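Enquirer: As a plain string of letters, each chain reads:
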Amino acid sequence: MYTVPQLTDFSGQALNAEKERLTDAVESEAAAVKDEAAQKLFRDRWMARKNGILTQVNDLWLKASPKEAKRDVGALVNDIKILVESTVDATALGLKPQSVTVSDRLDITLPGIRRPIGAEHPVLRTMNDVISVFRAMGYSVAEGPEVETDFYNFEALNFPPNHPARDTQDTLTIADQESKPLRERLLLRTHTSPVQIRTMEQQKPPVRIICPGKVHRRDTPDASHSPVFHQVEGLAVDTNITFSDLKGTLDHAMKALFGSAVKTRFFPSFFPFTEPSADVAISCIICGGKGCRTCKQTGWVELMGCGMVDPSVFDFVKDNGYDSTKISGFAFGMGVERLAMMKYGIDDIQLLFQGDVRFLQQESN
Amino acid sequence: MKLSAQWLREFVEIPVDDARLADDLTHAGIAVETATGSWDGPILDTVFDMDITTNRPDAMNHYGAAREASALYDLPLKPTVPKLPTAKPGTGFPIEIQEPDLCPRFTARVVRNVVIRPSPAPITKRLALLDHRGISNVVDASNYVLWEIGKPTHAFDLDLLEGGKIVIRKACAGETLKTLDGIERKLTNEDLIVADGRKPIALAGVMGGFDTMITDKTKNILIESAWFDPATVRAMSRRHGLHTDASHRFERGADFESTILSCNRVAELVLASGVGEPNGELEGDIIDIIARPLPRTSVILHLAEVRRHLGKELTYDEVCRILQRLGFTLTPATADENAELPVTIPSWRLDVTREIDLIEEIARQHGYNKFPNTLPPFSGSVTELPNAPKDARLRTSLLALGYNEAISMTFIAPEHAKTFSAADVLMVANPLSDEASAMRTSLIPGMLDMLAWNLNRGSDNVRLFESGNIFEKTATSRDEQKRICMGATGNAIPTSVHEKSRPYSFFDVKGDIEALLSAFLNSVAFDTGAAPYFHPGRSARAIIGGKQVAQFGQIHPDIAAVRKFRQDVFVAEIYLDKLYEEKLREPRYSTPSKFPAVARDFSFVFPETTAFEDIRIVVRGLPIPLLAAFDPVETFRGGNTAAGKYSLLLRAIFQSPDRTLREEELALWSTQIMQSLVNLGGALRT
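Residue numbers (the working numbering), protein chains in the order written: chain W, 1 to 365; chain D, 1001 to 1686.
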């Protein structure tokens, strides 16, 4: 067992020899430490303040050294101190984890304790995605009532009374309205387009709005129809807004929503409140345009209607700065369910209105 | 609606195949939904299933679609000129138009000695392609002309017309007409009819009469082609629930100038239905009564406006070419973009009345996809809806609390609308069913339906929320309010290997409501007095600043029984109109105290009538500014505690922001608290 010798020779050579002997001793003793008790004894033997080996080295070597050798001995003793301390620390590190792993081992393959998180509804999630895309393009969100008057839902959108265009929107109407003039009669809005007029009544041009909301039509429920569904409508009015701007805006929005590889195509269509009017198809996001079940092998999916705002619509808000000879605008609208169903591979629209947690929770899995 | 490709090709030399033609027409707005080969031995023809928009009645026939093709390929459209033999002299037939506004034009001609027989094969085959079975040579001729040039016509058995004249008039109340479909229809004085001297013989523009129709016995016919007011035809078609190919066209606007052409074309086809020789002979000239001319309109087009709306420079030549091929007449002008270019509208295009309508014609024929994609500059600002941050805050919290977002139907059964609200109910006039005939006055019925749906499908642990509008009838109109409804049933936490579960309870829903409402600045108080559809002992109202912002709890056992719920069901309603009057809380931070907090527990027995809220209010009212928290820790009933009483362990926590608390002040505060608890009827547990 190592003991600290009294020194007589304080030459560099002698000091180094002594340091080597001590180093060998502390390392071989450290290697022999196997448990906590041994580590404690080892630590005390070397580091105890009272008569520990480090203390002895200090007393017998440094204090006893002649004045001219103090500098060299001091450096030596300091090295030894660092060596011993780190060696003792190392034995402690080597021991502790070992003892904890033995006693506290868990079966980490058991499932974690999960606090369930609610799932976003796929339709509202999709709607919010669409809104974000247009917000980034300078559109503000606008809202309107779900029970509308005939005026806002039809007349101000250039659906004259008794016009066949009204047939294309099978309307649910509110009872007991016969005593009122037609334009004041209440109905369940068939589209979110009334918000266009409501906004233009309140706000002078320029306008950029996006109107998300619930709409109703008298459709018997089946896998692809629901009397309640959602639309997002957009409107931009300013000086010098052109059909090319409409195309560019929707092309950009579709790429932002579905990826930059998506292409858009515009087909002439008819809506009473836009002229020229168009239907927009995008290259199928499921097959990339090769042809699949979703796009009925055509490679294209019709996604929305749009067009340049018809001057007769502006005529209803002429007094608020909408002079159709000076300004122009475009409007577009899309069904959110259709978008969500395509995006998430949902084949029955009824699933969206049942509140079935087995369906809804798939979102968070 | 179907069109035959071969038939279409009779009018223009189309340089592309049928598939390409279908695609080109679709891109020009004459949408071909599907193109199907029709086989009769070798391929007979391609049938296009069309989806023509409601504004284009002129294209709902072969000639009209061919006109679009002629513009697309810049090729001439062949004129249709019926070849008729010279007519025998005749006296004509008296026609009297009593309603010039509703029937401005009525054209007719007489053919005598017609043999009624099946149509020649080419006619029946073509009609068969369009899903029309042949009826007889005369009826088929009328149908053929409808599909060829789009003008509805009708043929009467001349010998069955009484009184020697035709009158176009309003029906008299009490008059009836048996229409071709065999149905006896009561007429009103709003119906426009074609009548003979004695009786109605046709519902104008909708359907002819049964008693004057062509039969095997017919010998002499009167062919009619008129122009009726679109709104009048539409109103009659709706009133009598009778939508016909004729009414479909009249109500969208027929071609005023094609009455003579169509009349003659029917006559030509009838004459051509003979074997080897003409079938019948024309008698007299065509009878053409114009009671009120329909003026041809003219619209001024500016090339500058074309560019302003479309964003692309189109040449004067292209604009002229497109419009002329579509039948518009242009007075030549200079190519100067500010020049006024007068354009006369063809009689078949009642949809074109304004410059913008012409611009659309140009855009669609030029090809929408040839316009560049540009983004407009914007000088406005983006604003947020006033309640958007509150909506987002509640929604995020609800999702985090484990509620799944759901959407239910907007309409409910009338009895539910009354059970869950005292409001007047807004009823749907034409509901899909009685169970869906009331606009929802509450989100709860929909929520209960969704919970039941889940329970019936083996999902026993359900948490849902719906954010949506409810509707109330007001004296003159309606009121719409946004609400949130939460529904929960089953376990509060999922069963797992690590911990035992427990059923969702009143205090779970209360905790969730507390968490949601804590987003708002003012503090919330709770009281009993929730609506009667809740369990009276397990429900509460949440009040902020005197306003009821929410109510929640277990659903009333009677309602649960009706709905056959076999486990406790909890719902909550949040009244956003009231809640959103409150401001969201903006966090204000302060440094946590560096000095130790001291807890003191008090174990008391209280009568059941003493609620924790009573105790809290009293203790909080004590002059102890350093009381940092005061909470119930444990309740206990039974055992040593007498009936009608319960024991309650309370914990007060004292802390100062700037010093260590002294023993004597702690003792004083404890005494004050204990005294107040005794004053409330509590007894210190020993």
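No wet-lab data here; the hints were simulated from the structure. Quick caveat: nothing in here was measured; it's all calculated off a predicted structure. Misleading hints may appear alongside valid ones.
As the list claims (entries may be wrong) - In silico DSBU-like links for lysine-lysine, alpha-carbon gap of 30 Å or less:
hint: 1; chain 1: W; residue 1: Lys290; chain 2: W; residue 2: Lys343
hint: 2; chain 1: D; residue 1: Lys1510; chain 2: D; residue 2: Lys1547
hint: 3; chain 1: D; residue 1: Lys1312; chain 2: D; residue 2: Lys1390
hint: 4; chain 1: D; residue 1: Lys1583; chain 2: W; residue 2: Lys214
hint: 5; chain 1: D; residue 1: Lys1186; chain 2: D; residue 2: Lys1170
hint: 6; chain 1: D; residue 1: Lys1002; chain 2: W; residue 2: Lys290
hint: 7; chain 1: D; residue 1: Lys1312; chain 2: W; residue 2: Lys255
hint: 8; chain 1: W; residue 1: Lys214; chain 2: D; residue 2: Lys1578
hint: 9; chain 1: D; residue 1: Lys1482; chain 2: W; residue 2: Lys204
hint: 10; chain 1: W; residue 1: Lys214; chain 2: D; residue 2: Lys1186
hint: 11; chain 1: D; residue 1: Lys1312; chain 2: W; residue 2: Lys204
hint: 12; chain 1: W; residue 1: Lys263; chain 2: D; residue 2: Lys1370
hint: 13; chain 1: W; residue 1: Lys63; chain 2: W; residue 2: Lys19
hint: 14; chain 1: W; residue 1: Lys326; chain 2: D; residue 2: Lys1482
hint: 15; chain 1: W; residue 1: Lys343; chain 2: D; residue 2: Lys1370
hint: 16; chain 1: D; residue 1: Lys1219; chain 2: W; residue 2: Lys290
hint: 17; chain 1: D; residue 1: Lys1312; chain 2: W; residue 2: Lys263
hint: 18; chain 1: W; residue 1: Lys19; chain 2: W; residue 2: Lys50
hint: 19; chain 1: W; residue 1: Lys296; chain 2: D; residue 2: Lys1002
hint: 20; chain 1: W; residue 1: Lys204; chain 2: D; residue 2: Lys1390
hint: 21; chain 1: W; residue 1: Lys214; chain 2: D; residue 2: Lys1482
hint: 22; chain 1: D; residue 1: Lys1473; chain 2: D; residue 2: Lys1500
hint: 23; chain 1: W; residue 1: Lys214; chain 2: D; residue 2: Lys1473
hint: 24; chain 1: W; residue 1: Lys34; chain 2: W; residue 2: Lys63
hint: 25; chain 1: D; residue 1: Lys1510; chain 2: D; residue 2: Lys1482
hint: 26; chain 1: W; residue 1: Lys343; chain 2: D; residue 2: Lys1482
hint: 27; chain 1: D; residue 1: Lys1500; chain 2: D; residue 2: Lys1510
hint: 28; chain 1: D; residue 1: Lys1418; chain 2: W; residue 2: Lys214
hint: 29; chain 1: W; residue 1: Lys296; chain 2: D; residue 2: Lys1390
hint: 30; chain 1: D; residue 1: Lys1186; chain 2: W; residue 2: Lys180
hint: 31; chain 1: W; residue 1: Lys180; chain 2: D; residue 2: Lys1370
hint: 32; chain 1: D; residue 1: Lys1418; chain 2: D; residue 2: Lys1500
hint: 33; chain 1: W; residue 1: Lys326; chain 2: D; residue 2: Lys1370
hint: 34; chain 1: W; residue 1: Lys204; chain 2: W; residue 2: Lys214
hint: 35; chain 1: D; residue 1: Lys1500; chain 2: W; residue 2: Lys318
hint: 36; chain 1: W; residue 1: Lys180; chain 2: D; residue 2: Lys1473
Said to hold, decoys possible - From chain W, some residues computed to sit far from chain D (all C-beta separations above 12 Å):
hint: 37; residue: Thr8
hint: 38; residue: Phe10
hint: 39; residue: Val73
hint: 40; residue: Ala75
C-beta: ideal position from N, C-alpha, C; glycine also.
Enquirer: All hints are to be evaluated individually against the structure, with a verdict given for each.
Expert: Okay, the hints, checked on the actual structure:
For a cut-off of 30 Å, the pair hint linking Lys290(W) to Lys343(W) stands: about 17 Å separates their Cα positions. This hinted pair checks out: Lys1510(D) and Lys1547(D) have alpha carbons roughly 17 Å apart, not beyond 30 Å. Our distance criterion of 30 Å between C-alpha atoms is broken by Lys1312(D) and Lys1390(D), whose separation comes to about 45 Å. For a cut-off of 30 Å, the pair hint linking Lys1583(D) to Lys214(W) stands: about 27 Å separates their Cα positions.
Note on Lys1186(D) and Lys1170(D): the hinted pairing holds, with a Cα-Cα distance of about 13 Å set against a maximum of 30 Å. Our distance criterion of 30 Å between C-alpha atoms is met by Lys1002(D) and Lys290(W), whose separation comes to about 28 Å. Between Lys1312(D) and Lys255(W) the CA atoms are separated by roughly 23 Å; this keeps the pair inside 30 Å, and the hint holds. Distance restraint check for Lys214(W) and Lys1578(D): the Cα-Cα separation of roughly 22 Å lies within the 30 Å cut-off, and the hinted pair is therefore satisfied.
Of the supplied pair hints, the one linking Lys1482(D) and Lys204(W) holds, its CA atoms being roughly 28 Å apart against a limit of 30 Å. Distance restraint check for Lys214(W) and Lys1186(D): the Cα-Cα separation of roughly 41 Å exceeds the 30 Å cut-off, and the hinted pair is therefore not satisfied. Only pairs whose Cα atoms come within 30 Å are accepted, and Lys1312(D) paired with Lys204(W) is accepted, the gap being roughly 27 Å. Only pairs whose Cα atoms come within 30 Å are accepted, and Lys263(W) paired with Lys1370(D) is accepted, the gap being roughly 14 Å.
For a cut-off of 30 Å, the pair hint linking Lys63(W) to Lys19(W) stands: about 16 Å separates their Cα positions. Using a Cα cut-off of 30 Å, the hinted pair Lys326(W) and Lys1482(D) is violated, with the two alpha carbons roughly 38 Å apart. The hinted pair formed by Lys343(W) and Lys1370(D) meets the criterion: a straight-line CA distance of about 28 Å does not exceed 30 Å. Between Lys1219(D) and Lys290(W), the direct Cα distance comes to roughly 60 Å. Violation of the 30 Å bound is thereby established for this hinted pair.
Taking the CA atoms of Lys1312(D) and Lys263(W), the gap is about 21 Å. The hint holds against a cut of 30 Å. The suggested pairing of Lys19(W) with Lys50(W) holds, with an alpha-carbon distance near 21 Å, which does not exceed 30 Å. A C-alpha spacing of about 20 Å is found between Lys296(W) and Lys1002(D), which places the hinted pair at or below 30 Å, so the restraint holds. Distance check on the hinted pair: Lys204(W) and Lys1390(D) sit about 27 Å apart at the alpha-carbon level, within 30 Å; holds.
Pair hint Lys214(W) plus Lys1482(D) holds up; C-alpha atoms about 12 Å apart against a cutoff of 30 Å. Restraint check: the Cα-Cα separation between Lys1473(D) and Lys1500(D) comes to about 48 Å, which exceeds 30 Å; the hinted pair is violated. With a C-alpha separation of about 19 Å, the suggested pairing of Lys214(W) with Lys1473(D) holds against the 30 Å cut-off. Proposed proximity of Lys34(W) and Lys63(W) is contradicted: the alpha carbons are some 35 Å apart, above 30 Å.
This hinted pair checks out: Lys1510(D) and Lys1482(D) have alpha carbons roughly 21 Å apart, not beyond 30 Å. Among the hinted pairs, Lys343(W) with Lys1482(D) is consistent with the structure: their alpha-carbon atoms are about 28 Å apart, no more than 30 Å. Pair hint Lys1500(D) plus Lys1510(D) holds up; C-alpha atoms about 21 Å apart against a cutoff of 30 Å. For the suggested pair Lys1418(D) and Lys214(W), the alpha carbons sit about 23 Å apart, so the restraint of at most 30 Å is met.
For the hint pairing Lys296(W) with Lys1390(D), the CA-to-CA distance comes to about 42 Å; that exceeds 30 Å, so the pair is violated. For the proposed pair Lys1186(D) and Lys180(W), the alpha carbon gap of about 27 Å is at most 30 Å, so the pair holds. Using a Cα cut-off of 30 Å, the hinted pair Lys180(W) and Lys1370(D) is violated, with the two alpha carbons roughly 48 Å apart. Restraint check for Lys1418(D) and Lys1500(D): not satisfied, since their Cα atoms lie roughly 41 Å apart, outside the 30 Å limit.
Note on Lys326(W) and Lys1370(D): the hinted pairing holds, with a Cα-Cα distance of about 25 Å set against a maximum of 30 Å. For a cut-off of 30 Å, the pair hint linking Lys204(W) to Lys214(W) stands: about 26 Å separates their Cα positions. At roughly 67 Å between alpha-carbon atoms, Lys1500(D) and Lys318(W) are farther apart than 30 Å, so this suggested pair is violated. In summary, the hint linking Lys180(W) to Lys1473(D) is supported, as the alpha carbons are separated by about 15 Å, within the 30 Å threshold.
Every Cβ of chain D is farther than 12 Å from the Cβ of Thr8(W); the closest lies at roughly 58 Å, confirming the non-interface assignment. Even its closest Cβ contact with chain D, about 53 Å, leaves Phe10(W) beyond 12 Å, as expected for a residue assigned away from the interface. Even its closest Cβ contact with chain D, about 47 Å, leaves Val73(W) beyond 12 Å, as expected for a residue assigned away from the interface. Distance check on Ala75(W): its Cβ is at least 44 Å (rounded) from any Cβ of chain D, clearing the 12 Å threshold; non-interface status holds.
Of the numbered hints given earlier, the model fails hints 3, 10, 14, 16, 22, 24, 29, 31, 32, 35; all others are met.
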